[in-house]
Amino acid sequence: MSSDMIGAPTAQSAVADQKAGFPGRLPDGRPATIEVQNVSKWYGDKVAVSDLSFALGPGVTALLGPNGAGKSTTLKLLTGLLQPSRGQVRVLGQSPVNNPKLYQQMGLVPEQEGLYPFLSIRQFVELAARLHHVSNVREATDEALRIVELLDVADRPLGNCSKGMRQRAKIAQGLVHDPQILILDEPLTGADPRQRLAMMEYFTRLGNAGKTVLISSHILYEVERMGSNVLVLVQGKLAAEGDFHAIRALMDDRPRRVRVTCSDPRSVAAFLITVPGTRSVHVEEQAIIVETITPLEFHLAVPQAAQSAGAHLYGIEGLDEDLESVFRYLVN
Amino acid sequence: MQPIFTLTLRALARSRRVLVVAALLAVPVLLALVYVASEGKSQGENFVVQLFVTLVMPILLPLTALIFATSALGGEVEDRTLSYITLRPVSRLAIIVAKLLASTLITTVLVEVALIATYFLGTQGTGNSQNLGAILLAGLFGCLAYSSGFLLLGLWLPRRGLLVGFLYVLFWEGIFSQLSTGLATFSVRRYVEGALNGNLTPSALAASTQASPAVDVGGTASLIVLACVLLAGILVATWKLQRMELP
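Sequence lines, in order, name chains W and P. Under the working numbering, the residues of the first sequence are numbered 1 to 332, in order. Under the working numbering, the residues of the second sequence are numbered 1001 to 1247, in order.
For reference, chain W alone in the conformation it holds in the complex:
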């Protein structure tokens, strides 16, 4: 096949990329592996994603957002299944549109259910390995099936598999060629808790090994286990990007909730309400829930308040430092 038929990047496109600011760099100076610049996608008068810009590097990044936020559209734009209506996408410095060579370094686990019911799990994964020109198809297939724990049932036809098994077969076909970039759209749907845990650990290992893993999920505790880097989409727009702990820290306008457990909550609460920055105090049986806009100062003031009240202090716990709180805040 001629090189123009497979859309290889040209010298002209390289010059255009330089003018457009590609290849970009991450805040820490490393080159970005996935770059999105001012990308919008619309269908008629319906806007799916609007003016997205972000850059990702090696590691696990979670793509979060409520249903209809544009997560799947974004992933399809990154893989070239969709073309941007405006803006540019670069993966490993190249446009994914009409560029099959790039797929040698990319793996995609799509969200859709459709599979070939007449193929066995092994044949399905082998098909991917052969199309990726993997040198030892059998070995690579076995390894991918071992990772997703399907080696024992590899000869079962996909048409007779449970949803969880089909989902893991999709993951296996996405990683059988050991891609540099792995894009997964809701990959853990249907998997049982133990398998979910194993897959999350595997994705984390891939990220730590220098692969770029972008994973769309709506199960936030899973995302939290795999790392802290997130992209949050809301109504087709990028609401937040980066480490979710840092994102939370930037939300200065929103009070933090802190639980203080102590022996005499009512007396301690009387002191805590006088601490500068305290917005509200709610007394429970063995604890006090406080909203404060100066969490650092508040944490320093609590032991003193307990001492002043003559109470025993058992613990101080931030209630909304987790990803779910950040996500809920951004989406609302």
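Think of the hints as simulated: they come from the structure by calculation, not from any bench. One or more of the hints may lead you astray.
DSSO-like, lysine-lysine: derived pairs with alpha carbons at most 27 Å apart [stated by the list, open to error]:
1) W/101 x W/211
2) W/46 x W/237
3) W/46 x P/1240
4) P/1240 x W/101
Using C-beta positions, here's what the derived DEER-type ranges look like [unchecked claim]:
5) W/159 x P/1245: 21 to 29 Å
6) P/1245 x W/118: 25 to 33 Å
7) W/46 x P/1171: 34 to 42 Å
8) P/1037 x W/112: 47 to 55 Å
9) W/44 x P/1232: 26 to 34 Å
10) W/118 x P/1163: 23 to 31 Å
Since this is a predicted model, take the numbers as computed values, not measurements. For every residue, glycine included, the Cβ atom is placed at its ideal position computed from N, Cα and C.
Given the coordinates of chain W, work out where chain P should sit on it, guided by the hints.
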């Protein structure tokens, strides 16, 4: 390319379409049997040629190609499995060629087997091998040209390709192309018939032109036009696949 070819062949061969097509293609075989039983074998070869010209070439061959070629790619778009092929380091041209080869192979095998069976039953083994060769060659090129066009149709209209193709076969190839030479110029049928007539023996040619108005295109020219249709279908389908979005 080979894994896509094998995958497509398996998908097409296991579907109910094979049974539908086999039932369709049994019609000329049964007609040949009925003819021999009632008329004897004296004009059997001419009858087979006329069956090819009036039934197989304008209706059964394009319908067989339509049924397999539209689902070779259109079925994958509908089932949302196409991304498992397109998101690979494989050129779009290779995907189209693999899909076309698979759908053409299954179409050609079924059509040619039916033609051979019809020929031997109709002639009772007394026919001229030149005529059988002409029928098989025209059938092969017809399968290639129709499959190429219908593969493109399935890619363009994954949901309605079968219906649109059926209407095309029925009205354009079956009826309108017979109304005038001008309209026939834009039908595939004309060139399949040209390829057939260009290679028949004189007596079989007379039977063919008796059954269908004579075409003014020579055998070689017809084969060249059919090859051009095949090539155009491949190139346009490749172009379409390169620009196609899979939402």
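Checked hints:
no.: 1; hint: W/101 x W/211; result: 18 Å, holds
no.: 2; hint: W/46 x W/237; result: 13 Å, holds
no.: 3; hint: W/46 x P/1240; result: 24 Å, holds
no.: 4; hint: P/1240 x W/101; result: 18 Å, holds
no.: 5; hint: W/159 x P/1245: 21 to 29 Å; result: 28 Å, holds
no.: 6; hint: P/1245 x W/118: 25 to 33 Å; result: 27 Å, holds
no.: 7; hint: W/46 x P/1171: 34 to 42 Å; result: 36 Å, holds
no.: 8; hint: P/1037 x W/112: 47 to 55 Å; result: 54 Å, holds
no.: 9; hint: W/44 x P/1232: 26 to 34 Å; result: 31 Å, holds
no.: 10; hint: W/118 x P/1163: 23 to 31 Å; result: 25 Å, holds
Violated hints for the displayed structure: none, as all numbered hints are satisfied.
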